[in-house]
Amino acid sequence: MKVIRPLLTKIPKIPRPDVKNRAIKISENAIKKTQTANRFFLEVGEFGLFLWLTIKALFSRHFEFKEFLRQCFLVGNKTLPLISLTGVVIGLVLTIQSRPILAEFGAVSLLPGMVAVSIIREMGPVVTGLICCGKIGSGMGAELGSMKVSEQIDAMEVSSTNPMRFLVVPRVLAATFMIPILVLYADALGILGSWAGANLKGDVTFILFFTQAFNSISFSDFIPAVIKTFFFGAAIGLVGCFKGYTAGRGTASVGKAANQSVVLASVFVIIIDLIAVQITDVLQ
Amino acid sequence: MKTDNRISPEHASRPAASTVIEINELCKSFGKLQVLRNLSLQLFENENLILLGKSGSGKSVLIKCIVRLLIPDSGSITFLGKNVMDLNSEELAEMRVKIGFLFQSGALYDSMTIRENLEFPLVRIKKHLTRQEVNEKVEESLENVGLLDSINKMPSQLSGGMRKRASLARTIVVDPMVMLYDEPTTGLDPVTSNEISELINRVQHKYKTSSIIITHDIECARATADRLIMLKEGQAYMEGSIEEFEQTSDELVESYFKSQNKP
Ligand SMILES: Nc1ncnc2c1ncn2[C@@H]1O[C@H](COP(=O)(O)OP(=O)(O)OP(=O)(O)O)[C@@H](O)[C@H]1O
Ligand SMILES: [Mg+2]
Chain Z
1 MKVIRPLLTK IPKIPRPDVK NRAIKISENA IKKTQTANRF FLEVGEFGLF LWLTIKALFS
61 RHFEFKEFLR QCFLVGNKTL PLISLTGVVI GLVLTIQSRP ILAEFGAVSL LPGMVAVSII
121 REMGPVVTGL ICCGKIGSGM GAELGSMKVS EQIDAMEVSS TNPMRFLVVP RVLAATFMIP
181 ILVLYADALG ILGSWAGANL KGDVTFILFF TQAFNSISFS DFIPAVIKTF FFGAAIGLVG
241 CFKGYTAGRG TASVGKAANQ SVVLASVFVI IIDLIAVQIT DVLQ
Chain E
1001 MKTDNRISPE HASRPAASTV IEINELCKSF GKLQVLRNLS LQLFENENLI LLGKSGSGKS
1061 VLIKCIVRLL IPDSGSITFL GKNVMDLNSE ELAEMRVKIG FLFQSGALYD SMTIRENLEF
1121 PLVRIKKHLT RQEVNEKVEE SLENVGLLDS INKMPSQLSG GMRKRASLAR TIVVDPMVML
1181 YDEPTTGLDP VTSNEISELI NRVQHKYKTS SIIITHDIEC ARATADRLIM LKEGQAYMEG
1241 SIEEFEQTSD ELVESYFKSQ NKP
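Chains as they are written, first to last, in the working numbering: chain Z, 1 to 284; chain E, 1001 to 1263.
Taking lysine to any residue pairs in the SDA-like style, the calculated list, with each CA pair at most 20 Å apart, reads:
{"id": "1", "chain 1": "E", "residue 1": "K1126", "chain 2": "Z", "residue 2": "T161"}
{"id": "2", "chain 1": "E", "residue 1": "K1032", "chain 2": "Z", "residue 2": "Q35"}
{"id": "3", "chain 1": "E", "residue 1": "K1098", "chain 2": "Z", "residue 2": "T161"}
{"id": "4", "chain 1": "Z", "residue 1": "K66", "chain 2": "E", "residue 2": "Y1109"}
{"id": "5", "chain 1": "Z", "residue 1": "K135", "chain 2": "E", "residue 2": "S1111"}
{"id": "6", "chain 1": "E", "residue 1": "K1137", "chain 2": "Z", "residue 2": "S160"}
By construction, these hints were calculated from the structure, which means they are not laboratory data.
Whenever a hint applies, use it, and build me the whole structure from the sequences.
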């Protein structure tokens, strides 16, 4: 016995296939994947619930009109300088870049109309929308997120004020109504910028330029473009408020809420744009 | 529940006073962390109940469950005979009007001045007040916490202790019948701390409020307590009056009182 023992320990162990561990790993991976999927569906569900609560709060008796006006002012005030700059530059750049191409075909006279149509149909709404995602969406996400983290939303709730009604509804409505106005403003500045661009080479009078521009715009260009901006606004407001409202605990989640608002709102804007294009295409 | 730890079981069933809040077998966990385990306690009419317990023992979670900011996993909370979990949204709002809640963090609204902070709950809860009456109440409440000269400042311009006091003023301005104070004197100097304790007593006598006061400040507990409950591991570990707590030989309670006891 005494001799055998040390001998036995020297026999090298045959490595057995590690079935158990592999099985555990596979199941862990599967769990992780389902958890990610679950989180996605959970979030979609939460967003749906949030939308429903917002609509319910919207149609409740009390409307916080003062807060709504304050939010409208903030939305406009925050974004006006940036939108003015981008509006003018888009018009200018579009004009300068399309001019040589049109000149090749001898169609420079089409320039004002072409630029105006592309600004009003696409560039104005989408660029303004994306700027608002960055300025307004992130602002709302961060503001509501920090209110959530510092228990201000809870404080509102225990003083019998529905935070959905006081915080969310005015913000969503302000974004819904202000963003179309900002888009129209950006469109106007874009056309102005385009006129300036056209004047760099050759000169066109203001009146002539605008007559040409507006002659080529029809209602069917204008109306769908305006309608979709309302949806942009609603999406930006809703996403910003949703991300802020559902922020976790701790200050880190404020940054996360702001960041995610921008990303998600931008995705929404682009998807809504895509859908809007499809719909107008079918209707025309 | 370790009944032998109750110093004076007769306190638990004071027959004369009616119960305002009754909590039965309350459990609450966050993921794997079990914060409250079968916690039972009662708050009687017109008494100051002090909740003691280590940091993280679930005191704030408990009072948040009472106003339904958190939903417990099991157990029941009864407020004036009604189960808090069964209330519909109108009844819940009605209940919350009767409860004043002082948040541990203060939770002042950053975008409003101190005056607007106090007006916010006041004009929403007491809709019949005139402009004049609202101003008077706001000023009186701020006077009580010694902050009248900061009435037009923003919360960010105040110190931590001042913010706590402003928040206390916001809680008492609506004269609730039940007060839940989460660490009202933390971060205050001893003089202000004493004033706050006096204020709590004054509120209790004037409006006949019943209060749950969470505190680590033994001086405040001495000044305000009618009854104390010590939480440990999510349960009511000990219950009694302040004298009983000071004389007990229980190690945990003793260490709690000794560390802050003045010789
Ligand atoms: N919303 C929440 N989500 C997850 N965990 C939470 C939440 N609220 C509280 N907790 C956890 O519950 C435990 C008890 O928290 P609570 O705030 O009640 O402690 P406390 O007794 O008030 O302590 P303190 O005296 O420091 O204020 C802590 O471990 C905390 O991390
Ligand atoms: Mg606490």
